[in-house]
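Asks: Next come the chains, spelled out residue by residue.
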Amino acid sequence: MIRAENLSRWYGLVVGVNRVSLVLEPGVTGLLGINGAGKSTLLSLLGGLIRPTAGSVTLDGQPIFGNPKALARIGTCPASDRFWEEMRGVEFVAFLAGLSGIPRPEALRRAERACDEVALGEERGKKISAMSKGMRQKVKMAQALVHDPEVLLLDEPLNGMDPASRAQTVAAIRRWGEAGRCVLVSSHLLHEVEAMTSRILLLHYGRVLASGEVPQVRQAIASRPLKVFLRCADARTLASALISWPSVASVSFGGDGRNLTVEVADAQDFRERLMALLSEREVGLEILNPLDDNLAAVFAYLVA
Amino acid sequence: MDPATAALLRHTIRRAVFSVRGLVFAAFAAFPWAVTLLLRILVARGVPVPLGGVSLYASVVLLYLFGFLLPLSTLVFGVGLVADDREGGTLPYLLGRPVPRAKLVLVRFFATALLLWGLHAASAAGVFLLGVSEGGAGALLREAPVLLADLAVLALGVLTYGALFLLLGLLLRKPLFVGLLLGFGWENLVGYIPGFLKRLTLLFHLHTLLPHGAGPQGLVEQMLASTESRAAAFVFLVFYGVLFLVLSVLAMGRIEAPAAAEAEA
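Quick mapping for you: the protein sequence lines, in order, are chains A and B. Heads up: the first sequence begins at 1 in our numbering, then just goes up one per residue. Heads up: the second sequence begins at 1001 in our numbering, then just goes up one per residue.
Isolated chain A, as found in the complex (with noise of 0.2 Å):
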């Protein structure tokens, strides 16, 4: 696996990664952050396409910079939209299988899979300059799979597709994780991230906010007590228990008077709180929802 220990890339006096410390584990992590954040310099260091300033990141104890070994394990898919525009798709894919170490009719067969794998249909045939973004994209997605590497770093896969196309890279992706394969995929869209994993890596000007599962982070998130919304019959009643719980920080009222939103402090004690509470008596509760434990409450909560 790869692990990256206070790792840190400054270029000049400007921070670009500072004392990243992680684990990269089989399946499929999200790395976030605004622009600016880090991540293109991460992908790249755990890529070994540049060398920490300081710390170290290795692949089972190997370093990656300048090492084939390391580097044969693993795929990295670029952010720029750069190629050899001339090439064709399937042969682009084919020339880096051959960079491998792979003889040309097996890597020939291997760009095929490859670009079978992404999606990519006839188009593979064109020149690279001849093709939309997304396929250009693609291209770039199978060129770091088809040597079949254990670790993926794939730097904003999903920009320029249309919307077809994402959800078939985004399953592409969760089978790719589901394969035992490390991958770490930077993006913006949050509701895509979540599409695909809910464990995440959250940078922050260069430093890392917040790993894990999304819940675990945003229970992590003590300052922002959780919110959750709750409908029932008799939301009176409700409201007038969850008021003397210690976890509970505020209730609201809302809708037609049947809707509570209520802040929780500390979401273990109200969960058995409320099921001892619906195990004695019944208030008509209809629905149960948590309003901001899902990515997009993370991620506004710790950058925002």
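Hints in this document: simulated from the structure, not taken from any laboratory. Glycine residues also receive a C-beta, built at the ideal position from the N, C-alpha and C atoms. Certain hints may be false.
[What the hints assert, rightly or not] Stretch by stretch, here's where chain B covers chain A in the computed footprint (C-beta under 8 Å, at least three residues):
| # | region |
| --- | --- |
| 1 | 47 to 61 |
| 2 | 82 to 88 |
| 3 | 93 to 99 |
| 4 | 103 to 117 |
[Unchecked claim] A few chain B residues that face chain A, going by a derived Cβ cut-off under 8 Å, partial list only:
| # | residue |
| --- | --- |
| 5 | D1002 |
| 6 | A1006 |
| 7 | A1007 |
| 8 | G1088 |
| 9 | G1089 |
| 10 | T1090 |
| 11 | P1092 |
| 12 | Y1093 |
| 13 | L1095 |
| 14 | G1096 |
| 15 | P1098 |
| 16 | V1099 |
| 17 | R1101 |
| 18 | G1253 |
Got chain A sorted already, so can you dock chain B onto it with the hints?
Replies: Frame of chain A, contents of chain B only:
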């Protein structure tokens, strides 16, 4: 040959040959054929021309090939070997592959050098055949060793100039300008200054190895006159070539994929 080397060779040759740049330099290489042919036609029509036969051939080799095409072609192709991918944003694809960086740079360098030598060899051989054949088959056979020696020196020139400009391309952000100053400024000026300084040019050593002086009778010989032996010139050139290549390999080992990471920062 391992698959990575084969892939690199195919890619390098294809990009060099099937490009506007390749076409332009093919035209440059063919230009002296046209000049030689024109002079042969003029001679056939009884028009007196200042140069002919082996003198014409030697002038073309010295003034056009060594003075113009060799430094220009090795500059453009040598600098572009890595700089093109850096500027074009395709370096991440190459550096992210499990190919030792030394192999990445050396395979591309030698493939390009072979193509460039072929270009220069075709130019020289074409002028030789068109120019010297005026004297018949006997003249061709008699002067053939001159052509062969020139081809060997051209090979050395391609390798040393190519290695120099490859190094520039790796070290500098805008290597073409410095390369032009070196290739056409330093090389052509300092190479003619009396004293030790000219040994710091490649052109001086290449000229020492050439089997003939040329141009207006004796003038170039006088300008290039030196006491350096051909063995010393060969050693200097090999030293420079190896030095530039070793430095290039070291520089390649440290190069990073640019653009996206820096842009974000």
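Asks: Decide, hint by hint, whether the structure agrees.
Replies: Evaluated hints:
Coverage of a stretch by a chain is defined here by at least three residues with a beta carbon nearer than 8 Å to that chain's beta carbons; for the region 47 to 61 of chain A and chain B the count is 5, and the condition holds. Coverage of the region 82 to 88 of chain A by chain B holds in this model, with 4 residues showing a Cβ closer than 8 Å to a Cβ of that chain against a need of three. Remark: the region 93 to 99 of chain A is confirmed as covered by chain B, as 4 of its residues place a Cβ nearer than 8 Å to a Cβ of that chain, reaching the required three. A count of 3 residues in the region 103 to 117 of chain A with a Cβ less than 8 Å from any Cβ of chain B is obtained; the coverage claim is therefore met, three being the minimum.
Evaluation of the D1002 (chain B) hint against chain A yields a held restraint, the C-beta minimum of about 7 Å falling below 8 Å. At its closest, the beta carbon of A1006 (chain B) sits 7 Å from a beta carbon of chain A; the interface hint therefore holds under the 8 Å criterion. Proximity of A1007 (chain B) to chain A holds as hinted, the smallest CB-CB distance being about 3 Å (cut-off 8 Å). The interface hint given for G1088 (chain B) is met, as the beta carbon of that residue sits about 6 Å from the closest beta carbon of chain A, less than 8 Å.
A distance limit of 8 Å between C-beta atoms decides the matter here; for G1089 (chain B) the minimum to chain A is near 3 Å, and the interface restraint holds. Look at T1090 (chain B): its Cβ gets to within about 6 Å of chain A, closer than 8 Å, so that hint holds up. Residue-level restraint check for P1092 (chain B) holds (minimum Cβ-Cβ distance to chain A is 5 Å; threshold 8 Å). A least Cβ separation of about 6 Å between Y1093 (chain B) and chain A falls short of the 8 Å threshold, and the interface hint therefore holds.
Among the interface hints, the one on L1095 (chain B) holds; its C-beta lies about 6 Å from the nearest C-beta in chain A, closer than the 8 Å criterion. At its closest, the beta carbon of G1096 (chain B) sits 5 Å from a beta carbon of chain A; the interface hint therefore holds under the 8 Å criterion. Below 8 Å, beta-carbon pairs count as interface contacts, and P1098 (chain B) has one with chain A at about 4 Å; its hint therefore holds. At its closest, the beta carbon of V1099 (chain B) sits 6 Å from a beta carbon of chain A; the interface hint therefore holds under the 8 Å criterion.
The interface hint given for R1101 (chain B) is met, as the beta carbon of that residue sits about 6 Å from the closest beta carbon of chain A, less than 8 Å. Interface hint at G1253 (chain B): satisfied, since its Cβ lies 6 Å from the closest Cβ of chain A, which is below the 8 Å cut-off.
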